[in-house]
Amino acid sequence: MAWFVGIDIGSAYSKGVITKENELFGYYLMLSGGNYRTTADRIRQELLKKANLSQDDIANTVSTGSGAGNVYFASQKVSDIVCTARGINSVFPSARIVIEVAGQSTKVMRIDEQGLVANFVVSEKCAAGSGWFVEVIANVLRIDLEDFGPLSLESKAPVAFSTGCAVFGESEAITRVAEGIAKEDIAAGVNKALADKISSMAKKIKLEGPCVICGGGALNIGLIKAVEHELNVQLLVAPQPQITAALGAALLARKEVQGHA
Amino acid sequence: MYFAGVDIGSTMTKIVLTETNHTVLSAIKGPTGPEHRQLANEVMKMALEQANLQLDEISYVVATGYGRLNVPFADRQITELTCHARGVSSLFPNVETAIDIGGQDAKCMKINNGKMIDFVMNDKCAAGTGRFLEIIAATLGVKVEELGDISLKSTKKVQISSLCTIFAQQEVVTRLSDGENLEDIIAGLHDALASRVTGLARRLKIEPDVVLTGGVAKNVGIVKAMRENLGCELFIPEEPLITGALGAAILAKEYSVKAVSKGEPSPTKVRRLEKATFFK
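First to last, the sequence lines map onto chains A and B.
Position in the first sequence (from 1) plus 122 gives the number in my numbering.
Position in the second sequence (from 1) plus 9 gives the number in my numbering.
Just chain A, with the same shape it has in the complex (with noise of 0.2 Å):
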């Protein structure tokens, strides 16, 4: 049996993965933080001990994410797209859509069922379409990030963000605030201006068949909701959103040393 390791540096957060062939075994989370080099290894000694493995015993790493070039130690870099295709596709063989949330992008895209990307289109130019946004107004509201999606749920009238950008958004809550909204109404409004940013770019995409949402986006329950009601489907939501492209680069790793996925 051979091990694999797939490291997704992002923006926020840095992934890792180890696979014992290509079935998942531990996975490791953290913030990127300012040296990508030392986040990489230190991603590589913990998911080694909670394998109880030493470098050796992997067989191959490869790597991701807007820092992929900072894991020295991988074999290659992969482009997060087709890492997170493929481990969408290992979790959910049906999933022909894959909408993805992360810290300072979005992504959605059509997958074969080879887990192979047929078409996609990326926001990663303006932070009011990303995770970001969410972040922010989280802050103004003074609420823990895994609150922000319960909370939201609990609003009967959701606050339309006149705007489509994160600064003017914080602004915007902040009046808000001030003028005695309730955190749960400004919050789904966050949401829903989040997923009308989704909708509007899956609708590039032709919408067909089962869809699957990931990135930590899919980790807030009133983002979920929301983007389920603007395009009218129900989202597979995947298990261990954030690890879904350190997934796919180890089980590239795999690809790459045995030929076969």
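Honestly, the hints are just simulated from the structure, not real lab data.
Here are the simulated BS3-like cross-link-like pairs (lysine-lysine), alpha carbons at most 27 Å apart as the crow flies:
#1 B:Lys165 / A:Lys247
#2 A:Lys247 / B:Lys133
#3 B:Lys152 / B:Lys233
#4 A:Lys142 / A:Lys199
#5 B:Lys133 / A:Lys325
#6 B:Lys227 / B:Lys133
#7 B:Lys133 / A:Lys319
#8 A:Lys247 / A:Lys328
#9 A:Lys199 / A:Lys171
#10 B:Lys227 / B:Lys214
#11 B:Lys267 / B:Lys119
#12 B:Lys124 / B:Lys271
#13 B:Lys54 / B:Lys227
#14 A:Lys326 / B:Lys133
#15 A:Lys377 / A:Lys142
Because the structure is a prediction, the values reported are computed rather than measured.
Place chain B on chain A using the hints.
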């Protein structure tokens, strides 16, 4: 006769008082701030004091800017586009293109014989507005007024690739930790803002004379970057913040004169500096 133009912007409140022949008697500005709905009164009081006038002596008041509905003593509200166009062409009679970079928006107007004939505007995204500079200045620990002078020391500007203000803020932090010079980073940011505003303006045909107004025009680094991006001469009013209020004051006079010539009584409204109640 005396006239007033009140411009309640997102960031600054500006008032211009004029006499019949458009002589500016007083021009006052103050930060709009969170209590902007009641600020118009205070700034008006200051302007009247400076001009040594009473509120009753003002024949006509025009309010403009995004807070124009919050001026209880105004006789008429007119959009800031119309007022800017009028204010700019009173200072620069040959102006064809006016670009205004405000605290939270940017606009470009085509002007013909003092009248606005077309415009484009961005008020949806902080990039390309004064807000971008405020946020970056705070990140760099520099006063926003100092950005311009610091940027002029730059010898090689750092390319800022992010469009989004928030992403640019993070990019700046990365560039600082890479050891880039402050002045080179600021010069790069000015160029990023100028290229964004120029991109907006290019949706219209840019024809000389081109005038730049708004608070951001006080930044010499931005003026330089705008000249480079537009590739043409750029005129800047002595006080670029007050063109909207000045235009409002000029329009106030025209409305007043029109009313008199039609034999309509001048506004009989009893003017008081009362609290604004519009949002209550």
